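Trainee: Assemble chains B, C, D, E, F, G and H onto chain A, guided by the hints.
Here are the chains, one letter per residue:
Number of protein chains: 8
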Amino acid sequence: MNPNELKILLQSISDGSLSVADGIERLRTLPFEDVGVAMIDHHRELRQGTPEVILGESKSAGQIFTIVEKMAEKGSNILVTRINREKAEPLLARFPDGSFDAESRTFCLEQKPLEFATRGKILVICAGTSDIPVAREASVTARMLGNEVVEIVDVGVAGIHRLLARGDQLREAAVIIVVAGMEGALPSVVGGLVAVPVIAVPTSVGYGAAFGGVAALLGMLNSCASGITVVNIDNGFGAAYAATRINRLTSP
Amino acid sequence: MNPNELKILLQSISDGSLSVADGIERLRTLPFEDVGVAMIDHHRELRQGTPEVILGESKSAGQIFTIVEKMAEKGSNILVTRINREKAEPLLARFPDGSFDAESRTFCLEQKPLEFATRGKILVICAGTSDIPVAREASVTARMLGNEVVEIVDVGVAGIHRLLARGDQLREAAVIIVVAGMEGALPSVVGGLVAVPVIAVPTSVGYGAAFGGVAALLGMLNSCASGITVVNIDNGFGAAYAATRINRLTSP
Amino acid sequence: MNPNELKILLQSISDGSLSVADGIERLRTLPFEDVGVAMIDHHRELRQGTPEVILGESKSAGQIFTIVEKMAEKGSNILVTRINREKAEPLLARFPDGSFDAESRTFCLEQKPLEFATRGKILVICAGTSDIPVAREASVTARMLGNEVVEIVDVGVAGIHRLLARGDQLREAAVIIVVAGMEGALPSVVGGLVAVPVIAVPTSVGYGAAFGGVAALLGMLNSCASGITVVNIDNGFGAAYAATRINRLTSP
Amino acid sequence: MNPNELKILLQSISDGSLSVADGIERLRTLPFEDVGVAMIDHHRELRQGTPEVILGESKSAGQIFTIVEKMAEKGSNILVTRINREKAEPLLARFPDGSFDAESRTFCLEQKPLEFATRGKILVICAGTSDIPVAREASVTARMLGNEVVEIVDVGVAGIHRLLARGDQLREAAVIIVVAGMEGALPSVVGGLVAVPVIAVPTSVGYGAAFGGVAALLGMLNSCASGITVVNIDNGFGAAYAATRINRLTSP
Amino acid sequence: MNPNELKILLQSISDGSLSVADGIERLRTLPFEDVGVAMIDHHRELRQGTPEVILGESKSAGQIFTIVEKMAEKGSNILVTRINREKAEPLLARFPDGSFDAESRTFCLEQKPLEFATRGKILVICAGTSDIPVAREASVTARMLGNEVVEIVDVGVAGIHRLLARGDQLREAAVIIVVAGMEGALPSVVGGLVAVPVIAVPTSVGYGAAFGGVAALLGMLNSCASGITVVNIDNGFGAAYAATRINRLTSP
Amino acid sequence: MNPNELKILLQSISDGSLSVADGIERLRTLPFEDVGVAMIDHHRELRQGTPEVILGESKSAGQIFTIVEKMAEKGSNILVTRINREKAEPLLARFPDGSFDAESRTFCLEQKPLEFATRGKILVICAGTSDIPVAREASVTARMLGNEVVEIVDVGVAGIHRLLARGDQLREAAVIIVVAGMEGALPSVVGGLVAVPVIAVPTSVGYGAAFGGVAALLGMLNSCASGITVVNIDNGFGAAYAATRINRLTSP
Amino acid sequence: MNPNELKILLQSISDGSLSVADGIERLRTLPFEDVGVAMIDHHRELRQGTPEVILGESKSAGQIFTIVEKMAEKGSNILVTRINREKAEPLLARFPDGSFDAESRTFCLEQKPLEFATRGKILVICAGTSDIPVAREASVTARMLGNEVVEIVDVGVAGIHRLLARGDQLREAAVIIVVAGMEGALPSVVGGLVAVPVIAVPTSVGYGAAFGGVAALLGMLNSCASGITVVNIDNGFGAAYAATRINRLTSP
Amino acid sequence: MNPNELKILLQSISDGSLSVADGIERLRTLPFEDVGVAMIDHHRELRQGTPEVILGESKSAGQIFTIVEKMAEKGSNILVTRINREKAEPLLARFPDGSFDAESRTFCLEQKPLEFATRGKILVICAGTSDIPVAREASVTARMLGNEVVEIVDVGVAGIHRLLARGDQLREAAVIIVVAGMEGALPSVVGGLVAVPVIAVPTSVGYGAAFGGVAALLGMLNSCASGITVVNIDNGFGAAYAATRINRLTSP
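Protein chains in written order, with the numbering used here: chain A, 1 to 252; chain B, 253 to 504; chain C, 505 to 756; chain D, 757 to 1008; chain E, 1009 to 1260; chain F, 1261 to 1512; chain G, 1513 to 1764; chain H, 1765 to 2016.
Just so you know, the hints here were simulated from the structure itself, not pulled from any lab data.
The structure displayed is predicted, hence computed values, not measured ones.
We put the beta carbon where it would ideally sit given N, CA and C, even for glycine.
Watch out, some of these pointers could steer you wrong.
Just so you have them, the derived chain A footprint on chain B, three or more residues with Cβ under 8 Å [claimed, not checked]:
no., stretch
1, 315-323
2, 347-358
DEER-style ranges, computed between Cβ atoms [stated by the list, open to error]:
no., chain 1, residue 1, chain 2, residue 2, range
3, C, E561, A, E110, 15 to 23 Å
4, D, D853, A, E86, 30 to 38 Å
5, A, S19, C, D601, 41 to 49 Å
6, G, A1614, A, D168, 45 to 53 Å
7, G, D1680, H, F1880, 42 to 50 Å
8, A, E110, G, T1641, 29 to 37 Å
9, H, F1880, G, Q1575, 43 to 51 Å
Next comes chain A alone, as it looks inside the complex (with noise of 0.2 Å):
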């Protein structure tokens, strides 16, 4: 039932062609989805200007062509996730302005411009060079999502001394994702430094009781610094969709 069938409803009331009791049982029993989509509107706000996202891992090649094709119709801008070079060919060919990233393995189509938050920028600091497809995975998100994002590499906390060096661009985050595997203790050092959210995203990098990230995990789960928000494990669009529900945040 959309707004012009609910306003068809109340005006054959109005004009008496319908009582006020077949009304009522008329309401009770309409449609739940209509209602509901107009009364969350904070969610649409979220999604204007925001891309379409396709997970692209259970899909074929064909299967994501046809949704990025029909979407793109739409002149939207596009991310598709988890989608390697096989799968990317046929989207390049016909999108040549899209561009695809074997290492995030995402592709992005900008057909309309990005309007980027004002209120900061999005920091991703990776512990290892192996957490850079998950931080990549990340930046990419988060850029498509509207955020301006600044990108720090390999720097564990094995040597302390490289995190320590960059504090300045530790303190001109407005939110910080850090991803890390192994025993994922790098959110608990940067937690401790700043002030702003910091999300913590375990990596399945490691072997042997890394358990395929369940030992970074359960380090970020117990940090002993305050306040760190944890993700999935190799989950860098989750972090980045968290920091955008943050970076975009207006007061209400």
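Mentor: Coordinates of chains B, C, D, E, F, G and H only, in the frame set by chain A:
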């Protein structure tokens, strides 16, 4: 080495009483600590006006009393978490203006007025009545850290209409903390309804395969709503601290 | 917004005191709750004649007493689960017609006659004497939810002939709840013998590598008998509720 | 020992050609099997008209072909699950009337008309597009086992209004199978909306802390909606079989 | 249906008072139980002369007393396991000839002489003094089940010479039960030294990453010595029962 | 130091060519190995007549070939386990009398007649057709280690009458190896029917919450039938070796 | 068989009172124990001057008292670990020179002067005040085992400047024991700062997803600083013992 | 800020061209990095003469080639770990003096002579032939880090006499690395025989309940021999690095 000592050192160089070579030597070994504190001023900014926080759990009544008494002398506001009635009673006797909340197991002493963040309110939602202690710890902490707080209790996903009926409050929040045990599904539903940051707190409520909160924790980490972040099981304090990092954030 | 308020609103439109445009606006923001309740009538149907249920575990004797007293005023039947003798005694003093069962840790108050489902009986089987508390919780719950119940106790797979000797009772059941700890194998055997729905309840009985019911839970999830479903560890209540969903089911 | 043999034995006693003592001895060692089959007739009832089912996963193309060919001779309907295209092709060549569904990885051969249960429809709901293969396995299985089936895809909890808008279909179902990966929250929401039996199927969809479906499994076992039952991860077949036990159930 | 009833039934057929058809009908529904017991005579053989066993853990002092008293009337030998002193005292008062062993938490009542298996002795070895309770439960059980028992305590792998010095006793055993907590390595060493059956019992001794016996259990399951078998954590009773199956074994 | 060397040493002392002091010194540092071998003769006894065993899994075709060729020269019987066809072919070419079994992944070379234990047969039972490879590994190993072997396949607990119908074979076994995946319940049923030793082998058959055999392993460790012992997942070889320890056992 | 007995044996051969053949027989069966002790003298060297150690946890006050009294007679230094005040009091009454430390739960009795290793000091660092009991157990143990010990408490990674400010003490240590709960990140930072051996001790401090020290343990095993070694959770004693193996090490 | 820059800064103060106040300001914000490096000289000491190490696992052949070529220019010794033959071949072509070891998956280039620690040898022991790759990684790493290395292979606990026969080599080692999979028991036995530091390396060798090395890891953490330390699963490199920290240690 505090700023004063540094000044004396440099003046000795300036007036020639210390050679450049000796000055280099002394500077190279100056304590990191002070430079560290000087460098990182964001953190200090957060602390101003915020309470001293004491984790009461592993401390005896006597230890807590001593620490609180010492801090109270400085005129600080004080928050003690994970404190039971037995440990709280000496504090209540000594500080009649303090307040103990049995449900959240917190003791608060407000010696100077709280200055609330002007950005917005922190909304704390919990799924079931058993989650209230953790939700209340988040509420009390968020308030003591300088935020206005609103609470909604008992709106689980099995009665989804109860949540949907609170649309106004969801709309007004600047940050939402969602506390849930059992399957931990509420943050996904909330995250799908709002665009503001959502922090999920799993609780150890439940039995059997709830595994002391692990089921809820995993549910939250795997949320199908994008951009949900998670803190440790039962960590209402951490969620409030993270929400404060977000709510007190000002553009750099 | 209850039906009455809705009637008043539509009458205002009908008599012209409210414009169609204003009516649309007010309707779009009406609380979901009432529409929700109106929409889902299946659920209501189940509730008719069924008891009010209170999970006693995390509530104090005082809290339970207050809730029961309030509900009793409406004349409802009442079931309190996970209640120990200490908490039950004030209830027994106040409601002499109520009954407390120490084994299943339940308190029942029947203020109006139970109407039993005409489809068939729910059979509750348990593997060992230690499983009886969970089996009894299932029995008591199933009965209070309006089902005739039969119990068979202590028919484990290591003495399979004891189960086979009860063929008549297996044949007569409309739904079978099988409660088992340790290796949780009984549901597989039962599921291979009957065609009716079988609901498996793992119990936390056992020690060592039983891991508080996990061994039984995994055994049941991996049952080689097709179409066995499983509920949480020790969740006799849930199994009875699921059996009731099946036994009270009428063609739509 | 079939009934005929038993008859001959008793007649030998009756006509004196076998002594009572020898008869006792022979009876005490008669095969359990036949008595067992004779005793349990519920199971036989289910099997009538239902297809032969072959789990294709651990069998070679050749093994599957041989089994299907042998069964087909009897005129049975046949369902092969967990079969890929490579293994299905010899079957399709041999049985042109058979059908292979790549998504659900099933091969069906209907040699005689399916007789559908008259009670009602089985509704299969899945949370995301990635859950479709498991949902489809449930649908195909439920149909071959003699049930009318309706499917709703892609109605996750993060877009709860999409589910709520399908109220009619929820209302009409006799049994609902809910398939979900990630946090596995959808069954809780559905279970709160309907009174009919709800069977939850966790899927191995997700990554990181989804742990191959464990997060969804735990979420479902800890559902806050009463009376949800659960089957093994990705076990669409088992859910359909359980639903059939319910839907085909007739009063004893 | 005991043999007597069967005899009467067949005689009725023999003398014509029961028709063959009615006889078939009655036989087809005869209780499985009796046939089962008749069929499996190996099991019965084991039970002769062996004690009645009661698992005391989940039973009250009163329940245990009642069961023991009833069994004692038949003149059986009786073994109660997992019984503490409090529960044992009523038994000791009633049966002055009974014996309670606090370490193994067992109560034994020998009313008729034990007949020991003539094959050989069961050797029970434990790694540390903390493993003694479990080892002793194995010893007491093995003796009551009719085996001669020898015990060696405190011969861990970190002092391997202490074990090697007991070569004579290793040589003489017919079956060896090895009880060990912590890393559970002793069975591997013993299994490499002897050719007789070795049954490993992990204990819950240890702390931290011992995980209540899981470390020892895994160590034993992965033993590099071929042909070690394992029972549940702390299951001294089960190990003794398994050893008895071996030691009492006679050629079929 | 073999006995001969020891004899020469003592003779040197006896004839005075070696002083007592030097003799002490040489004896104190004599290799442990020889004393060890001398001391433990049980183990040697087992090895006589038994095959050389090679675990093929982590070895290359070339490595296996070299080892087998070297052992074959001594005239030993040889068993290679966990070997695939590719690795087996060079062996078959070189030893035309050898036999490769693809299902159990074993290669056997019998150069001298097997001497079977006179005690009795080893019965290998498996629950489903997918368990056959592990069961066959146990069968082949048990035979090569000098035992007569009987196999029963596909008698799961969901069709319990199929097992009960094999009462004769259960009765005749000296040791029973039960192989089962999924819920691993079969050993409990078998253990309740017989008095002889039962060795349970969990298999990695199953999916989802089978966790690669963990569900079956836990089921077996928690068996409600007393005196079942367990070996590692898929360890058919180990079960056969353990059964041989039992079946070849002679009174000391 | 001690050296003296061996001497007598060889002399009997030398003087002809024992034949070579009988000597061979007696030597082949000589206890391994003595040869073992004779052979491995490194271990003995460590023990000289070091205390007798008693693990008090699973022993009664009476048992501990008896053992200590017996050892004290030999004039040894004595260390009892995991002992509470209740168990310590009889010892304090009997040995007024002994000392009980409630925090580390240790009782020490120094009857002869400790001889400290001349190599260097053992530095014990702990991350939070809750880790002090484990750190203190390490300190007390290390001292009693003959090492000079320095302690630094409460230098967690969230306040990294506090650690960096202690550069002098890090520089001076010969071995560093790092004790940390929660995310267990401190050893990584320390290991990146120093070249000496670092032993990490996870503690069970923390709640929720700390899982009793598992998070810290995994963090330490996955340390990104090379060459960190780890001991069991809460195993302060073991860390000190390992540090002693290092610190007392002399070139072979 | 390197020492030279610092010198210029202080000279500006000394000659009056920079005020003391400005000097303070500039010093307070100087990069941490340089001070850090200046402060911690122990670490630098270790690095002198030691090779550059590259973890080859997550790098492409091209990336490795570039890094090695750049490092080789400085004349350093170079160790690449976790490198397969395919990635090694370009290196071997470019550096004919380099050596690739397929078993340990290492590439070594010695451009200047290794200087061995004078303290003693590092002994690497492994339990089975399957553990050799990890043991060899430890050996190669230890040698390249400047230690003499001795290897003993295939001395598992099930054939304990083989280990005991190697007493001389155990006696001569300064540090012992023990590599073991399956139950991981060997370090306990070794730790009971020697007084020098023992570092245990669990390997992922084994199947079923070995859980990829977890069984061995837990066994080692729970070792009954005091003072064993543990590194991550398969971490031969880390063990060698830790051994080097010990073996190269000089008194401060």
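Trainee: With reference to the structure, classify each hint as holding or not holding.
Mentor: Hint check results:
Remark: the stretch 315-323 of chain B is not confirmed as covered by chain A, as 0 of its residues place a Cβ nearer than 8 Å to a Cβ of that chain, below the required three. Residue count for the stretch 347-358 of chain B with a Cβ under 8 Å from a Cβ of chain A: 0. That is fewer than the three needed, and the coverage hint is violated. With their beta carbons about 55 Å apart, E561/C and E110/A fall outside the hinted range of 15 to 23 Å. As the Cβ distance of D853/D to E86/A is approximately 37 Å, the hint placing it in 30 to 38 Å holds.
With their beta carbons about 48 Å apart, S19/A and D601/C fall inside the hinted range of 41 to 49 Å. Checked against the hint of 45 to 53 Å, the pair A1614/G and D168/A passes, with Cβ atoms roughly 48 Å apart. The supplied range of 42 to 50 Å is broken by D1680/G and F1880/H, whose beta-carbon atoms lie about 31 Å from each other. Restraint check, E110/A to T1641/G: a C-beta distance of roughly 52 Å breaks the suggested window 29 to 37 Å.
Checked against the hint of 43 to 51 Å, the C-beta distance between F1880/H and Q1575/G comes to roughly 50 Å, which is consistent with it.
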